[in-house]
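Student: Throw the hints in and build the complete structure from the sequences for me.
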Amino acid sequence: MSLLRLDSVSFRYVARPEPHPSAHSGWPERAEGQGRDRAVLSDVSLVLHAGESALVLGDNGSGKSTLGRLIGGLLRPTTGTIFIGGEPLDRVPVRARPSKTIYVSQVSYLQFFRASLADEITLAAKQSGHPPPAEETIARFSLPSLETNPRDLTYPEMWRLQLLLLGAVFRPSVMFIDEIVAPGAREQREALEFTLAQRHAQGRVTLLAYQRSLDTHFDRVFWVKGGRALGRSASPEGLGQSVGLHDRPTSRDDVP
Amino acid sequence: MAIYVLTSNPNAIDFDHAGLQRRVEAALGVTVAVYRPLSFVEHSGFSETVREEIGLVLSNHHEDQPPLRQFDAFVQAWDLGALLDRRVLDLSGGWRKFLGLALFMNRPLPARLLLDATSHLSDARIRTLLARAAEQGDAVFCEYDPQLLLALPADTSAPAAPPLRRLNDDGTTVTEVIGSR
Chain F
15 MSLLRLDSVS
25 FRYVARPEPH
35 PSAHSGWPER
45 AEGQGRDRAV
55 LSDVSLVLHA
65 GESALVLGDN
75 GSGKSTLGRL
85 IGGLLRPTTG
95 TIFIGGEPLD
105 RVPVRARPSK
115 TIYVSQVSYL
125 QFFRASLADE
135 ITLAAKQSGH
145 PPPAEETIAR
155 FSLPSLETNP
165 RDLTYPEMWR
175 LQLLLLGAVF
185 RPSVMFIDEI
195 VAPGAREQRE
205 ALEFTLAQRH
215 AQGRVTLLAY
225 QRSLDTHFDR
235 VFWVKGGRAL
245 GRSASPEGLG
255 QSVGLHDRPT
265 SRDDVP
Chain V
988 MAIYVLTSNP
998 NAIDFDHAGL
1008 QRRVEAALGV
1018 TVAVYRPLSF
1028 VEHSGFSETV
1038 REEIGLVLSN
1048 HHEDQPPLRQ
1058 FDAFVQAWDL
1068 GALLDRRVLD
1078 LSGGWRKFLG
1088 LALFMNRPLP
1098 ARLLLDATSH
1108 LSDARIRTLL
1118 ARAAEQGDAV
1128 FCEYDPQLLL
1138 ALPADTSAPA
1148 APPLRRLNDD
1158 GTTVTEVIGS
1168 R
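Protein chains in written order, with our numbering: chain F, 15 to 270; chain V, 988 to 1168.
Since the hints were made in silico from the structure, they are not lab data. From the three backbone atoms N, C-alpha and C, an ideal C-beta is built for every residue, glycine too. It is possible that part of the hints are untrue.
Each pair of labels, with its calculated beta carbon distance range [unchecked claim]: (1) V:Pro1095 / F:Ala64: 54 to 60 Å; (2) V:Asn998 / F:Arg128: 20 to 26 Å; (3) V:Phe1058 / F:Glu161: 47 to 53 Å.
Tutor: Structure (structure tokens):
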């Protein structure tokens, strides 16, 4: 059975009111026809089964983060339905959502609340209802002393802490990681590959959005381009091979 | 004019950027202006749309330091035309960062030190950034993952990317890697 299914999901950002009259006159005027509602994703369908991982590739502004926020339940599709474990996501009570699906934001430093890594882990365990991770698990994330204040971490370390808290403590059925910082760094790659392996063994689905291919293995690869999600085989020889995740045939020309 | 990729202890980007700046300035013999990202908050806060943000920054350059490009040329050079009437806060994280970088690069400066400039940017945005960086002054890129820059695939449909020279920071001195020129 599919653990994550998107059925013809579309999303459109609704335009805000006209920009306020600016005191800085003399700037080039608004071009006619711009500033309207903006369609970001159009008729996206995809299926991921228990234990599968997927890399979501796309250029800046292609809709990767919007797709992640939809899958994480932070945005509602304009049309179409997202199913988690066969249940429509919009019918899952908000309190129950963190066990079902989580969007791992790019802005990791805004998601820490306590004065030490140990307190962050304790808080995450309490909120999720899961026991704190074992020391061996924490060690896989190459973090400094647990007494360290999260705000004193480097940017890549913050990313790893976020991955530990959400992936290894909350353990949602579906997790969408919006980008990796410094994927070439050994510590980053090891934390990611440990997370993917652990979640695969637990039968959970993991998606990672990024701008370019990674050496890390993913079961599936999607390209987000022109508002569409195009499915691809993850095998090196299969980049031109549609795996039928979309209702349209795809060709090598679709690859950005 | 040269573009350097500086390999350093990643902790220096977060905790020793002032020392890093001093070492780079000693190596290059010039004062460098530092770009340090406020991830995803690359916005003055005084404007709403991209058009307004660009206009605000261009109109507030010091009279002794006019922008390298005025509005239309700037928008074209940085490929921002399609975004002009979008709210800055509605841009994707990568485009918002790119806008802030573009405005920084539009200042007339003899040398720049760019910390963590390329994370969250696609290869296409990085190529544009490198092309603009090659136009004026020296640029030193210090990244968490310098290989992303050094192994940037060539775009056969675009002009060749400028050559990248390599610097190494051992925590006390920045030196050019032998043979990187």
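Student: Now, for every hint given, state plainly whether the structure supports it.
Tutor: Each hint, compared with the structure:
Restraint check, Pro1095 of chain V to Ala64 of chain F: a C-beta distance of roughly 57 Å satisfies the suggested window 54 to 60 Å. Our hint of 20 to 26 Å for Asn998 of chain V and Arg128 of chain F holds, since their Cβ atoms are close to 22 Å apart. The given range of 47 to 53 Å is respected by Phe1058 of chain V and Glu161 of chain F, whose C-beta atoms sit roughly 51 Å from each other.
In terms of the numbered hints stated before, the structure departs from none.
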